[in-house]
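**Q** Go ahead and model the full structure; you've got the sequences and the hints to work with.
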Amino acid sequence: DVKVTQSSRYLVKRTGEKVFLECVQDMDHENMFWYRQDPGLGLRLIYFSYDVKMKEKGDIPEGYSVSREKKERFSLILESASTNQTSMYLCASRLQGSAPQHFGDGTRLSIL
Amino acid sequence: AQTVTQSQPEMSVQEAETVTLSCTYDTSESDYYLFWYKQPPSRQMILVIRQEAYKQQNATENRFSVNFQKAAKSFSLKISDSQLGDAAMYFCAYRSMGNDMRFGAGTRLTVKP
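Protein sequences appear in the order of chains A and B.
Going letter by letter, the first sequence gives residues 1 to 112 in this note's numbering.
Going letter by letter, the second sequence gives residues 1 to 113 in this note's numbering.
Treat each hint with caution, since some may be false.
[Said to hold, decoys possible] Restraint ranges, calculated between C-beta atoms of paired labels, are given here:
hint : chain 1 : residue 1 : chain 2 : residue 2 : range
1    : B       : 12        : A       : 54        : 41 to 47 Å
2    : A       : 7         : B       : 40        : 20 to 26 Å
3    : A       : 40        : B       : 113       : 23 to 29 Å
4    : B       : 69        : A       : 77        : 39 to 45 Å
5    : B       : 40        : A       : 71        : 28 to 34 Å
6    : A       : 40        : B       : 69        : 47 to 53 Å
7    : B       : 54        : A       : 18        : 43 to 49 Å
8    : A       : 112       : B       : 16        : 42 to 48 Å
9    : A       : 16        : B       : 17        : 49 to 55 Å
10   : B       : 67        : A       : 40        : 22 to 28 Å
11   : A       : 61        : B       : 81        : 27 to 33 Å
12   : A       : 51        : B       : 67        : 33 to 39 Å
13   : A       : 3         : B       : 52        : 35 to 41 Å
[As the list claims (entries may be wrong)] Some, not all, of what chain A presents toward chain B, calculated at C-beta under 7 Å:
hint : residue
14   : 41
15   : 42
16   : 43
17   : 99
18   : 100
19   : 103
20   : 105
21   : 106
These are calculated hints, taken from the structure and not from any lab test.
All C-beta atoms in this analysis are idealised placements derived from N, C-alpha and C, irrespective of residue type, glycine included.
**A** As structure tokens, then:
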């Protein structure tokens, strides 16, 4: 089975801090994604990557950046955390083509 | 940009009964994929069923089936013989032939014993 692992299930940080959310997948997937999930809004795409060192902006990239130095790891960075970034963050990966996405368990991030 | 609409924020069904969750989407493309994902309280998003737009036949996975109406841009999920373990948030998702995927706002399904 595909395993997508997010480094933390719960995280509490303070406004202005630089926050790193890590995601690792073990199935050599080319594509990786970061979403945030908010009640009533579903999942919204922040950034995605279709190869090492490649990144593309999703629908809501403002305030975020990403890093993909190795194929299995995709990091989401909050450069200066703000309270409106309190949310559930989901990482996903998949192969190229028609394959479905596989998701991690999510990180519930609270910014105080 | 493509949008996905789930018009039912909440639904409930009696155990062993059938329930249908609605989903509509907006696109100008002819080839794409559609998905239903389930998110139980454990938070793990699980793929329930998928449909390729070029296939006319509706996808079926055991108790789960879809009603795909391409012209109407509708993609509903039918759950037959509902079980307590089906209680979850259900998300409809659209993906173009590129890489991006769009999700609906979700429908929370409650199963009553």
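**Q** With reference to the structure, classify each hint as holding or not holding.
**A** Hint check:
At about 44 Å, the beta-carbon gap between residue 12 of chain B and residue 54 of chain A stays in the expected band of 41 to 47 Å. Between residue 7 of chain A and residue 40 of chain B, the C-beta spacing of about 22 Å keeps the proposed range 20 to 26 Å intact. Checked against the hint of 23 to 29 Å, the pair residue 40 of chain A and residue 113 of chain B passes, with Cβ atoms roughly 27 Å apart. In this structure, residue 69 of chain B and residue 77 of chain A meet the distance hint of 39 to 45 Å, their C-beta atoms being roughly 42 Å apart.
A C-beta distance of roughly 30 Å is found between residue 40 of chain B and residue 71 of chain A, which places it inside the suggested range of 28 to 34 Å. At roughly 26 Å, the beta-carbon separation of residue 40 of chain A and residue 69 of chain B lies outside the given 47 to 53 Å, and the hint is violated. For the pair residue 54 of chain B and residue 18 of chain A, the supplied restraint of 43 to 49 Å holds, since their beta-carbon distance comes to about 45 Å. Remark: the range hint 42 to 48 Å for residue 112 of chain A to residue 16 of chain B is upheld by a beta-carbon distance near 46 Å.
Checking the proposed 49 to 55 Å range against residue 16 of chain A and residue 17 of chain B shows it holds: the Cβ atoms sit about 51 Å from each other. Remark: the range hint 22 to 28 Å for residue 67 of chain B to residue 40 of chain A is upheld by a beta-carbon distance near 25 Å. Roughly 43 Å separates the CB atoms of residue 61 of chain A and residue 81 of chain B, a value that falls outside the hinted 27 to 33 Å. For the hinted restraint 33 to 39 Å between residue 51 of chain A and residue 67 of chain B, the CB-CB distance of approximately 37 Å keeps it satisfied.
With their beta carbons about 26 Å apart, residue 3 of chain A and residue 52 of chain B fall outside the hinted range of 35 to 41 Å. Among the interface hints, the one on residue 41 of chain A holds; its C-beta lies about 6 Å from the nearest C-beta in chain B, closer than the 7 Å criterion. A distance limit of 7 Å between C-beta atoms decides the matter here; for residue 42 of chain A the minimum to chain B is near 4 Å, and the interface restraint holds. Among the interface hints, the one on residue 43 of chain A holds; its C-beta lies about 4 Å from the nearest C-beta in chain B, closer than the 7 Å criterion.
Checking residue 99 of chain A against chain B by beta carbon gives a least distance of about 10 Å; that is not within 7 Å, so the hint is violated. For residue 100 of chain A, the shortest C-beta to C-beta distance to chain B is roughly 5 Å, which falls under 7 Å, so the interface hint holds. About 4 Å separates the beta-carbon of residue 103 of chain A from the nearest beta-carbon of chain B, less than 7 Å, and the hint is met. Hint on residue 105 of chain A holds. Least Cβ distance to chain B is approximately 5 Å, under the 7 Å limit.
With its C-beta approaching chain B no nearer than about 5 Å, residue 106 of chain A sits inside the 7 Å limit, and its interface hint holds.
Hints 6, 11, 13, 17 from the list above are not met by this structure, while the remaining hints are.
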